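Protein chains in written order, with my numbering: chain A, 1 to 111; chain B, 1 to 112.
Source of the hints: derived by calculation from the structure; they are not laboratory data.
Treat the numbers as computed from the prediction; the structure is a model and nothing was measured.
Do not rely on the hints blindly, as some may be mistaken.
Claimed, not checked - Within a straight-line C-alpha distance of at most 20 angstroms, the following computed SDA-like cross-link-like pairs (lysine to any residue) qualify:
| id | chain 1 | residue 1 | chain 2 | residue 2 |
| --- | --- | --- | --- | --- |
| 1 | B | LYS68 | B | ARG22 |
| 2 | A | LYS44 | B | SER9 |
| 3 | A | LYS44 | B | LEU56 |
| 4 | A | LYS44 | B | VAL95 |
| 5 | A | LYS9 | B | GLN45 |
| 6 | A | LYS57 | B | ALA1 |
| 7 | B | LYS111 | B | ALA86 |
| 8 | A | LYS44 | B | GLY97 |
| 9 | A | LYS44 | B | GLN2 |
| 10 | A | LYS57 | B | SER3 |
| 11 | B | LYS69 | B | LEU56 |
| 12 | A | LYS44 | A | TYR101 |
| 13 | A | LYS44 | B | SER3 |
| 14 | A | LYS44 | B | PRO40 |
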Amino acid sequence: NAGVTQTPKFRILKIGQSMTLQCTQDMNHNYMYWYRQDPGMGLKLIYYSVGAGITDKGEVPNGYNVSRSTTEDFPLRLELAAPSQTSVYFCASSQVTDTQYFGPGTRLTVL
Amino acid sequence: AQSVTQLGSHVSVSEGALVLLRCNYSSSVPPYLFWYVQYPNQGLQLLLKYTSAATLVKGINGFEAEFKKSETSFHLTKPSAHMSDAAEYFCAVSVTGNDMRFGAGTRLTVKP
Numbered sequence: 001n002a003g004v005t006q007t008p009k010f011r012i013l014k015i016g017q018s019m020t021l022q023c024t025q026d027m028n029h030n031y032m033y034w035y036r037q038d039p040g041m042g043l044k045l046i047y048y049s050v051g052a053g054i055t056d057k058g059e060v061p062n063g064y065n066v067s068r069s070t071t072e073d074f075p076l077r078l079e080l081a082a083p084s085q086t087s088v089y090f091c092a093s094s095q096v097t098d099t100q101y102f103g104p105g106t107r108l109t110v111l
Numbered sequence: 001a002q003s004v005t006q007l008g009s010h011v012s013v014s015e016g017a018l019v020l021l022r023c024n025y026s027s028s029v030p031p032y033l034f035w036y037v038q039y040p041n042q043g044l045q046l047l048l049k050y051t052s053a054a055t056l057v058k059g060i061n062g063f064e065a066e067f068k069k070s071e072t073s074f075h076l077t078k079p080s081a082h083m084s085d086a087a088e089y090f091c092a093v094s095v096t097g098n099d100m101r102f103g104a105g106t107r108l109t110v111k112p
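Given these sequences and hints, build the entire structure.
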């Protein structure tokens with residue numbers, strides 16, 4: 001039982017490039033989330049999904065897109081990378097309002 | 001929307017001393033409250049959660065927290081700090097489950 005896995009662990013992007021952060025969970029959770037963590041700021045919710053085919057914006061969705069075609073996968077897409085998107089990104093999953101289980105994170109630098 | 005405030009971005013204690021990390025919340029409806037711990041270069045792990053069943057909540061690794069509605073607080077305590085407790089701790093509040101709001105975090109240092 002791997003829990004929540006994220007790839008890649010690290011990535012450096014140039015301004016204007018695009019990339020997809022991958023997230024997979026094997027706990028059959030309906031709810032999945034993407035957060036970004038900036039130093040001294042805690043975690044901010046980017047997008048979330050309550051099931052396959054259903055996604056919604058969180059606190060800081062600008063510059064990101066998501067899709068949820070399966071229960072297991074919830075990729076996060078950055079279309080035009082900007083320095084302000086330099087952050088650590090965490091994916092999480094849960095059953096409704098229960099505990100959120102976090103992946104190990106992706107550290108992204110945009111130069 | 002609900003929010004949490006963690007008082008003190010950095011707390012330092014000696015090994016064996018009491019650990020007290022402070023969290024105050026704001027919510028217009030009864031919330032769910034959580035404490036998470038983050039070790040360096042890792043994701044967050046749940047320490048404990050309050051879901052209205054009991055005001056004193058016991059978690060893993062000897063931590064506990066008490067929900068005080070009158071003070072809108074959910075402070076985290078541990079009677080005796082261990083070196084392995086050094087980490088960053090986050091308080092979080094949620095109402096619907098899709099709306100988790102995290103505090104800015106408190107970094108705990110444990111001195112030998």
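Hint check:
{"no.": "1", "hint": "B:LYS68 / B:ARG22", "in the structure": "holds (12 angstroms)"}
{"no.": "2", "hint": "A:LYS44 / B:SER9", "in the structure": "holds (17 angstroms)"}
{"no.": "3", "hint": "A:LYS44 / B:LEU56", "in the structure": "violated (28 angstroms)"}
{"no.": "4", "hint": "A:LYS44 / B:VAL95", "in the structure": "holds (16 angstroms)"}
{"no.": "5", "hint": "A:LYS9 / B:GLN45", "in the structure": "holds (18 angstroms)"}
{"no.": "6", "hint": "A:LYS57 / B:ALA1", "in the structure": "holds (15 angstroms)"}
{"no.": "7", "hint": "B:LYS111 / B:ALA86", "in the structure": "holds (9 angstroms)"}
{"no.": "8", "hint": "A:LYS44 / B:GLY97", "in the structure": "holds (14 angstroms)"}
{"no.": "9", "hint": "A:LYS44 / B:GLN2", "in the structure": "holds (13 angstroms)"}
{"no.": "10", "hint": "A:LYS57 / B:SER3", "in the structure": "holds (18 angstroms)"}
{"no.": "11", "hint": "B:LYS69 / B:LEU56", "in the structure": "holds (12 angstroms)"}
{"no.": "12", "hint": "A:LYS44 / A:TYR101", "in the structure": "holds (15 angstroms)"}
{"no.": "13", "hint": "A:LYS44 / B:SER3", "in the structure": "holds (12 angstroms)"}
{"no.": "14", "hint": "A:LYS44 / B:PRO40", "in the structure": "holds (19 angstroms)"}
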